[in-house]
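Student: The residues making up each chain are set out below.
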Amino acid sequence: MKLLKILAATTAVAVLLAAPAYAQTRIALVVKSLGNGFFDAANKGAQEAAAELGDVEVIYTGPTAATAEAQIEVINSLIAQQVDAIAISANDPDALVPALQKAMERGIKVISWDSGVAPEGRQLHLNPSETALIGETIIKLAADYLPEGGDVAILSASSTATNQNAWIEAAKAALPEKFANINLVAVVYGDDDSVKSTDEAKGLIASYPDLKAIIAPTTVGVVAAAQVVTDQNLIGKVNVTGLALPSEFKQFVDNGASQAVALWNPIDLGYAAVMLANDLVEGGEAAPGATLSMGRMGELTLDDTNSGAMAAPFTFDKSNIEEFSKIY
Amino acid sequence: MTDTTLHRSLPDRLDNPLKSAVLSWESLLVLVAVAIFILNSFASPYFLNAWSLSDLTFNFTEKALIALAMALLIISGEIDLSVAAIIALASTMMGLALQYGADTPTLVAVGIGVGILCGAFNGFLVTGLKLPSIVVTIGTMSLFRGIAFIILGDQSFKGYPPSFSWFGQGYVWWVISFELVLFLVCALIYWVLLHRTVFGRRIFAIGNNDVAAQFSGVRVDRIKFILFCLTGLMSGIAAVLLTARLGSTRPSIAEGFELEAITMVVLGGVSILGGAGSILGVVLAALIVGLVTFGLGLLNVPGIVMTIFTGSLLIVVIALPILFRMWRQRA
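Protein chains in written order, with numbering that gives the first Met the number 0: chain H, 0 to 327; chain W, 0 to 330.
Just so you know, not all the hints are guaranteed correct.
To be verified - DSSO-like mimics (lysine-lysine), calculated; alpha carbons at most 27 Å apart, straight line:
(1) W:K157 x H:K171
(2) H:K249 x H:K195
(3) H:K317 x H:K236
(4) H:K236 x H:K171
(5) H:K201 x H:K249
(6) W:K157 x H:K101
Stated by the list, open to error - Selected chain H positions facing chain W (in silico; Cβ < 10 Å):
(7) S32
(8) A64
(9) A67
(10) A69
(11) I71
(12) V73
(13) V96
(14) K101
(15) A160
Just so you know, these hints were derived from the structure itself, not from any lab.
Glycine residues also receive a C-beta, built at the ideal position from the N, C-alpha and C atoms.
Sequences are here, hints too, so could you generate the full structure?
Tutor: Quick look at the structure:
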């Protein structure tokens, strides 16, 4: 009986506590894993959007391990919290679909950004850039410094990462036409883990003595590869490039391990994701051909799979990395 | 000969049963579970809601199903670290069967069948070749997941039929999910098996002293082999549920599940050295792990803090009774 009384009292308190929480729009920014500089920067942009909109609260969350199962646990807790919208960067395009469909059934707006979810599991997808353009850019970053051509290898994130796989496909497609003298010798996976990425980078250097460049389209892999090149005194012989956060990567542009890297602005990406989610909460319709507001980033036009691209990737080299490394 | 000697009942335990029940591990776990439940209710306004509590169960049922069989295996003095890899292989084989047009009953049979085969393989290596189970299952952990990676690479299997998805997403009645019902039924079966059958007593005997058990006529290897098959079976069942819940298969599925299942077993009071433990404890431990992770999730506590919390909980719950005993002995 005592237990029942305690439970009853608890319920009453809980209901009282619950009342004021519904006043504002709550948008959850769900990332692949916490503790990643890229996503922390996206959160900065998301908070900026929330401040600009006024009555929006951004919940920045994500699992520790970058797995679909862990992300589903996060989604379940957000459904229970009855948030208004979920903006997610997915660890798996398919495995999250049932959980996100459940969220939509319970009236939550769902968008994916950065790394997408299959169309049936979200209302729209915000691409940071065009896949084809990124694929071409990562090869171009290496090719620009290889006038004679040569062997290059790709060090990716996990073999199941949606976005990296799409970029690599696009890069392979661009190779024969636009970069005929560039020879892609291997694609290896470092699982966005510093230790594994380091081992894979060492493996590439050992297996391909003529390797001229390592292209890592992931912020973890690119740092690991540049560190390996620095440690093994291969600066000037192997050029490391790819997608990198300026603050994490500045030292390697400074010491010459890398000539240039590229990235879109994650601050803009988080900002645009929250703006889009808010637009949907306020009644915006996500349908092929529709345009939705991204605030200062302009408008997003949806294609026939309800996805759209924000902007082109941005190159950082010796001339500007100092400035951007202070931002993110 | 007098009646008194005949009818005098021999106690089957030496301490007072009521006192030992109150001071038991299970009572401590009940206390912890209730405390966390109440804390959760105060901490988040969204916790006390039928659907929230239902969603909560999905966080632990699959791992807890494995923990049931794992408990028996650990009590017998063995361990299986390959359970998550068995899920990956079973799920991949189900996906492969799907490509050949298998229907729902066939998919379930494939998942469970592959699970049992993997378990039997582990069991054969441990009992047939007399290899230490920790070494064998570290090996098969890479082997099983490796096969899944060879078959799938960076691809995925999807398009499971809705009747199959029901196993991982369906509800038996209102908010009571199929996964939860299955877990409770299995928990009951394992409770009977461990605590009410000769087979169960033999598991304890083996865990306490397998040489003595062998000389007492217990077929130690056969029982251990069966336990590995059971662990494989439960991993196969977990593979069916998880695949149905995710609606897709990737070779990285269920990564890290083995440690979470073992955490539940150890938190449930099963001695990691074998010979002691109870199913009730494991069920309560599964509930506690679920309550803690979901409760912290509702507060949007970052995952890394959550793992610190579950780790500390494990150490505290295990250390408390030992500290209490030391304190009592001194007093």
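Student: If a hint holds in the structure, say so; if it does not, say that too.
Tutor: Here is how each hint holds up against the structure:
1. W:K157 x H:K171: Satisfied, since the Cα-Cα distance of roughly 25 Å is no more than 27 Å.
2. H:K249 x H:K195: holds (22 Å)
3. H:K317 x H:K236: Since the Cα atoms of H:K317 and H:K236 sit roughly 18 Å apart, the hinted pair holds (cutoff 27 Å).
4. H:K236 x H:K171: Holds: H:K236 and H:K171 sit about 23 Å apart, inside 27 Å.
5. H:K201 x H:K249: holds (21 Å)
6. W:K157 x H:K101: With a Cα-Cα distance of about 18 Å, the restraint between W:K157 and H:K101 holds, given a limit of 27 Å.
7. S32: Hint on H:S32: holds, closest Cβ of chain W at ~8 Å, below 10 Å.
8. A64: For H:A64, the interface hint holds, since the closest Cβ of chain W sits about 6 Å away, which is under 10 Å.
9. A67: Hint holds; H:A67 Cβ to chain W Cβ min 6 Å, cut 10 Å.
10. A69: holds (7 Å)
11. I71: holds (8 Å)
12. V73: With a minimum Cβ separation of about 6 Å from chain W (threshold 10 Å), the hint on H:V73 holds.
13. V96: holds (6 Å)
14. K101: This interface hint holds because 8 Å falls under the 10 Å limit.
15. A160: holds (8 Å)
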